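Participant: Put together the whole structure using the sequences plus the hints.
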Amino acid sequence: MKRLHIAPLSRIEGHAALTIYLDDQGNVADTHLSVMSLRGFERFVQGRPAEELPRIVTRICGICPWQHHLASVKAVEAAMGVTVPPTAVKLRELCQMLATIPDKILHFYFLAAPDFLLGPDADPAGRNIFGLIKAAPDLVRQAVRARMRVSELLEMFTGKIIHPVAATVGGFTKPLSEDERAAMLAGLSEVTAFCLHSMRLAREKLLPPYIEMFREIGDYATAYLGTVRPQDGSLDLFDGDLRVLHPDGAMENFPASRYMDYISEDSREWSWLKFPYLKKAGGLELDYRNPLGVYRVNTLARLNVADCISTPQAQRELEFFRREFGRPAHVVGLYHWARLVELVYCCERAEELLRDPEITGTQVHAGAVEPRAGEGVGHLEAPRGTLLYHVRTNDEGLLDMVNIIAGTTHNNAGMHISMKLAAQRLIDDRGGKPLDQGLFNRVEMCLRAYDP
Amino acid sequence: MATTVIWKSLSSCAGCEISLLNLGESVLDVLAKLDILHCPLLVDNKYSEPLDTSRRIDLPRARIGIVSGGVRSQRNLEVLLEVRSKVEVLISLGTCAATGGLPGLSNLCGARALTDFSFEQSPTARCTQKPNPAVGGIPAMLPEFTPLTRHVAVDVVVPGCPPHPDWIEEAIAAVLEGRSPVLPDRSVCSVCPAVSAVSGGVSKAPLRSLRAPLGDPTAPLSAMPCFLAQGYVCLGPVTRAGCGGREGAPQCIAGRAPCRGCYGPVRADSVASLDFLEALAVAGHDPAAMPDKPGYLSRFTGAPKPPSGEKPS
Numbered sequence: 001m002k003r004l005h006i007a008p009l010s011r012i013e014g015h016a017a018l019t020i021y022l023d024d025q026g027n028v029a030d031t032h033l034s035v036m037s038l039r040g041f042e043r044f045v046q047g048r049p050a051e052e053l054p055r056i057v058t059r060i061c062g063i064c065p066w067q068h069h070l071a072s073v074k075a076v077e078a079a080m081g082v083t084v085p086p087t088a089v090k091l092r093e094l095c096q097m098l099a100t101i102p103d104k105i106l107h108f109y110f111l112a113a114p115d116f117l118l119g120p121d122a123d124p125a126g127r128n129i130f131g132l133i134k135a136a137p138d139l140v141r142q143a144v145r146a147r148m149r150v151s152e153l154l155e156m157f158t159g160k161i162i163h164p165v166a167a168t169v170g171g172f173t174k175p176l177s178e179d180e181r182a183a184m185l186a187g188l189s190e191v192t193a194f195c196l197h198s199m200r201l202a203r204e205k206l207l208p209p210y211i212e213m214f215r216e217i218g219d220y221a222t223a224y225l226g227t228v229r230p231q232d233g234s235l236d237l238f239d240g241d242l243r244v245l246h247p248d249g250a251m252e253n254f255p256a257s258r259y260m261d262y263i264s265e266d267s268r269e270w271s272w273l274k275f276p277y278l279k280k281a282g283g284l285e286l287d288y289r290n291p292l293g294v295y296r297v298n299t300l301a302r303l304n305v306a307d308c309i310s311t312p313q314a315q316r317e318l319e320f321f322r323r324e325f326g327r328p329a330h331v332v333g334l335y336h337w338a339r340l341v342e343l344v345y346c347c348e349r350a351e352e353l354l355r356d357p358e359i360t361g362t363q364v365h366a367g368a369v370e371p372r373a374g375e376g377v378g379h380l381e382a383p384r385g386t387l388l389y390h391v392r393t394n395d396e397g398l399l400d401m402v403n404i405i406a407g408t409t410h411n412n413a414g415m416h417i418s419m420k421l422a423a424q425r426l427i428d429d430r431g432g433k434p435l436d437q438g439l440f441n442r443v444e445m446c447l448r449a450y451d452p
Numbered sequence: 001m002a003t004t005v006i007w008k009s010l011s012s013c014a015g016c017e018i019s020l021l022n023l024g025e026s027v028l029d030v031l032a033k034l035d036i037l038h039c040p041l042l043v044d045n046k047y048s049e050p051l052d053t054s055r056r057i058d059l060p061r062a063r064i065g066i067v068s069g070g071v072r073s074q075r076n077l078e079v080l081l082e083v084r085s086k087v088e089v090l091i092s093l094g095t096c097a098a099t100g101g102l103p104g105l106s107n108l109c110g111a112r113a114l115t116d117f118s119f120e121q122s123p124t125a126r127c128t129q130k131p132n133p134a135v136g137g138i139p140a141m142l143p144e145f146t147p148l149t150r151h152v153a154v155d156v157v158v159p160g161c162p163p164h165p166d167w168i169e170e171a172i173a174a175v176l177e178g179r180s181p182v183l184p185d186r187s188v189c190s191v192c193p194a195v196s197a198v199s200g201g202v203s204k205a206p207l208r209s210l211r212a213p214l215g216d217p218t219a220p221l222s223a224m225p226c227f228l229a230q231g232y233v234c235l236g237p238v239t240r241a242g243c244g245g246r247e248g249a250p251q252c253i254a255g256r257a258p259c260r261g262c263y264g265p266v267r268a269d270s271v272a273s274l275d276f277l278e279a280l281a282v283a284g285h286d287p288a289a290m291p292d293k294p295g296y297l298s299r300f301t302g303a304p305k306p307p308s309g310e311k312p313s
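For the protein sequence lines, the chains are A and B, in the order given.
The end of the first sequence is residue 452 by this note's numbering, with every number in the run present.
The end of the second sequence is residue 313 by this note's numbering, with every number in the run present.
There are no misleading hints in this set.
From the structure, some residues in chain A lie toward chain B, with a derived Cβ separation under 10 Å: (1) E13; (2) F130; (3) I161; (4) P175.
Just so you know, these hints were derived from the structure itself, not from any lab.
All values reported here derive from a predicted model rather than from experimental measurement.
The beta-carbon is built from N, C-alpha and C at its ideal position, and this holds for glycine as well.
Facilitator: See below:
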C-alpha cells in the first residue's frame, strides 16, 4: 500500500505526524495521526508530597501551565478535604482568565491566522507569523502587545507565569492589593478592546471565506464534553458540572468526581496518546460515518454544551453563532470562531472578578493543612479542553496515584477522525488535481482548528 | 542578511518558546535578525516530502541551532543528531536540554513504569491495543530521559525553566556578535531580597508547604523572612540565579513560594543535593527528616539512571 507521510505536523503546540495510506486506486484507505511520545508525569509523581503536584505538573504544558497548576491543586484539596477561602477561589479563577487570554491570542494570530490571511495555498516558506508580520505588521504588533500586556499584569501579581507557583494547597500565596486591582483593570480594558476587534475581524472577514471549505472536509457529528454552571447551564471555564451533549441533543450532567462512570481510555499501536471514549458506548470506533464512543472537547464543544454565557458581549456572540451554525455545530473550522467567543468571555469574566469586592480580601489561605489519606478529582476547562486530575494520597499526604486526562487527549479520537475525513475528501475527490502542498496544508488546517 | 536558524523542541512543554514571546514587542526585533528555516511550532518546513516514504529527517543547513527539551525517544535522538550535523553553533535552551530537568524525575522509575501506568494501571485504561514502535510508526521510548550534552557537543547552554527572555536574547545576540554570552553564574540566594535571619540551634524536620509561610504577604519582598530559615525546603542556595532576568527578584520568591531549583545547579560540576543537605543543616534543620529527598533534590538536576537493564520500549 502506498503511503504519504506528513512530519512534523506544524503550527501546533504538540509533536505529531500523519500517515495517509492509499489503496491501489490512489484513494485514502486509512490515516494514522501519531502522537510521538509519552511524557509519563502520572507515574513519576507517585511518592512525591501531594502539595508538590501543582509545582510539578506545570511542566506538562508550557503554554497552559496555569491550568495544570490549578486543576491539580483542586484535586489535591479534594483528596485531603481542604476548603479554600472564597477570595482564594476567585483569585485562582482570575489567574485562569488572565492566563487564557494570551493563549488564545497566540493560537489565533501566531498559529492559525497565516492560513486565513495569507491563504492555504501560500508558499509554505512564508505561510507563518513571519509572513504575517510582512503582510499585516500593525495587526501583529497589536497582538504581541495585547498578549504581553496581560502577561505582565499576571506576572506583576503572581511572580512567575510560565510554570506558576501562586496557588498552593489551602489557597493562594498572597492577596491582591487595591493598587494591583486598579492596574489590572486599566490594563485589561486595553486588551479587551483588542480582543473585541479580533472577534469582529474573524467574524466579518477572516473566517467566513473558509467555512464552506471546512463544511466540505471537516463536518461530522460526535458528542461533546464541557463544563457548565449547575444553576443555569451557562459556560464556565473554572468550575461546575461536566456535561455531555449527544449528537441527538440528549444531555447528561455529572460532577467531575464521577468521571470514571462516563470516560474510559483505549489506545492504538500507532500513537503514544490514549483515546478516551464514552464508557456507556461500550467501546471506541474511529469511523466518521458511524463513530462509537467519540466525543470532543475544547472551544466548539464548550459552546455546544453551554445553554448560555453569563457575560453580555460573549452572550451576543454566542447568539450570533447559534443563528448561523445551529446547536450542536460540528464544522471543525468553527473551533476558531468559538475560541474567539471564549476570548471575549475571558476578558469580561476577568473584569467581573476584578470588580468583585471580595477579590481584594486578605483571607487567602485555609491555614495549616494536615496531610492525610484521601481521593479526589479536580477539573477545569483548559484552552485545549476539559482537564481532569484524579488524585489518591496516603496517610502521610504522599501521592499514591495520579490519573490525568488533558484536553488534547480527550480530542484524540476526534482529531484522528478529522484527519481521515479531510484526507479522503481532498484526495479521493480531487478530480485529477495534483497532490500539492496546499492540499496537505488543508488537511493540517483541520488539525490546527483543535489547537493540539 | 538575516542569520539562518533551526529551532527544535525535543521532549518538552514549549515553555521555552513561550518565554521568548514574553520579550514583548522587542521579540519582533529579535526575530527580524533571524531567518527561521525550521521550527514546527511556527513554521511549515517538513522533514521530507509527503511522497518520500523513508521517514528520513532532512533539515536545512543553518548557522544556529536552538534545541529545547530533552531526549525521551529514539526520534528525539535522531532529530538532535541531524540538527547538530546541520548547524555551526548549537544553543541548548532550557533546563530539560541542559540537565534533563524536571522530566528527568522519570529516571527514578524508568520508562517502562511510565507506559505500564498509562496503558495498564491507570484507572481509566481499557486498552485493547498498546502503542507499538515496532509496527506503529511511533518512536521507541529510551529507558532514560537525557540532556543534549549526553549525545552531542553543545556550544551555548541557556538554563532555566523557562529561561528568562533576557537570557534567550543575550544568547542569540552573543552568537550573532561572535562573543561568549554573559549568563548568570551565582546562586538564587545571592540575588534574593528575603531577610536571611538563620534560626539555628534547634534541629527539626523541614516544613512542607502546607501552610501560609510567616510574614505579611503584602509587605515588600525585602521584609519577607527567608524560607529556608523558616524551615521550608527552598533550593535557593544550590540553584543558579537568573529566573528574574537581569533586574528582577527570583520569580518563585516574588510569587511568595520557595525555590525548587529550576535553573539547575549553580555550577555544572557541583553536587547540588549534597550542598543542599549541608545548607539545610546550617539553617538548623535535620536533613535526615526531610521527606522525599530525591523528589526535591533531583527536581531539576537530571535524576540518576533508571533501574538497570531496561531496554528501549
